[in-house]
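> So the chains spell out like this:
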Amino acid sequence: MTNTLHRFGTSDSFHDDFVVFAIASRGKNEQDALPRLRKFLEMAIPFGPVNLGDARNGGALRPSKQMNPTSHWNRDLAPDFRAVVDGLNHITTVAAVFDSRVKAEDFVKKVKAADLGLSINISTSVDGADQCCHAAGIPRHSVGYSLGFEGKTDKLPNEQVLTVMTMCGHGMVAQSLAKKMIDWVKEGRRTPEQAATYMQRFCSCGVFNPVRAARVIREAAEGHQH
Amino acid sequence: MRIDPNKCVACGNCTYVCPMGAIYIDPKIKRATVNRDECVECYACYNGLSQEHLNPTMVRTMRKMFQMLRLRFDPEPDVCPTAAFTPEELTWPRVVRRAFSDPRVPHESTGVEGRGTEEVKTNDVSGRVGVGEVGFTIEFGRPGVGVWFREIQKMTMRLAQAGVAFEKKNPVTTLLKDVKTGEIRDDILDEKIMSAIVEIKVPVAQTEEIIRMVWEVEKQIDTVVVLGVGTRCDPTGDETVVLPILERLGYHPQRAKTNIGLGRITNKDAQDARKQEPVAAY
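Protein chains in written order, with the working numbering: chain A, 1 to 226; chain B, 1001 to 1282.
Because the hints were derived from the structure by calculation, they are not lab data. In this text, all values refer to a predicted model and were calculated from it rather than measured experimentally. Using N, Cα and C, we set each Cβ at its ideal position, and we do this for glycine too. Among the hints, a few may not be true.
Among chain A residues calculated to face chain B with C-beta under 8 Å, some are [as the list claims (entries may be wrong)]:
| no. | residue |
| --- | --- |
| 1 | Thr-4 |
| 2 | Lys-28 |
| 3 | Ile-45 |
| 4 | Thr-70 |
| 5 | Val-108 |
| 6 | Gly-171 |
| 7 | Met-172 |
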């Protein structure tokens, strides 16, 4: 899930973005991994995640293939965490997204105690992950640094659009949609939270952080410069 | 991907959700149309948009009435009102676009959804990047720019020239004609994809050399590049070997993914194999 590694932002800007994910390794520990992956997701719910993800089936807010036209006026924006747990039917990467370090730390302690035998990773700022490990009394095993975007960076959008769209590292949140949503909030046509949920549905592995997205959209709409 | 012109009502919602900007309203037919050269078959339109199944004639009539009255039509932005998207049966080589663009399609070569592999995410059980080694992920096209295989080949050929080892369990490696030359299969060079990750492993001492090589080649590549650098921490959880090299080169990593080392080998056959391996330093 390199798709959470290259989120755009400074270390401070990840204060509300902690992705904890579990993955089995092919040929090493994938046998009978499904119930352990499901347990990981199940254990996350009491800690108040802002999203839960199953890389095969999606996150806690998904698009509908049979949308009722009346739902334009009363659309349910509440995440369905239970559906993610119950819908897990393949051995894949699963993730829990938190909007605070304390929640992530508490969850990591719980995961450690559960001894699932799966590889567990934390994707956030370098320091944030280090602090989570210290709190849980776990020395880091390996670290994968993101060195940021280079090459033809003139092809990239502005920083606020980039911050929002890179929350789906697979690129399923289009820069034009992120820009449109910021503009709609600016015009008062939608709230930042509504705008974030539209984009969240496009993230097909459930790691999009709607709380951070709403914050960035609000800041962008109010004209704050990063 | 194609859009059924009999169903499309030209609401324009899909033009914003295409990560490649490949969907537009064709003024000649007044319907949304896919630019096939630029489309990477990521299925963001088909999978991401919610679908209503409204009658197209009714929706077009309503839209015309709103337009005449200069009223703003304000639908939900993530909906295709007439379910007009129709996936096509993809054949080689176009099917490779989807394999590198739609994250729900696992690569045959890795079994992992998405474009990457397990890299350091499972390092605690796989031992893929050992002590004194650095695993590089060199990604092209992310975020939202896309890349042609012929551009990626510029990097793979340069890396091969330097004699680096490409990670075997990586989707791009499986498409190399020859790992010694770094040449990619001719029949896919003109295929555009959302992004791809080239994965290599080198001794720590080669870190600077590889980064300087990437700097040199990325100037010739018509897309964005992002580097991931994976390494082992010491027994206390500190990492004081690679970070100073990165800092000396002007990088100040803000984000990382951290493997916290809770994994263990549980497959019976893998446990037996491990018993026969020599014990490695941390």
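> Hint by hint, say whether it matches the structure.
Hint check:
1. Thr-4: 7 Å, holds
2. Lys-28: Result: holds, 4 Å to nearest chain B Cβ.
3. Ile-45: 20 Å, violated
4. Thr-70: 10 Å, violated
5. Val-108: 7 Å, holds
6. Gly-171: At 5 Å from the nearest chain B Cβ, A/Gly-171 passes the 8 Å test, so the hint holds.
7. Met-172: 5 Å, holds
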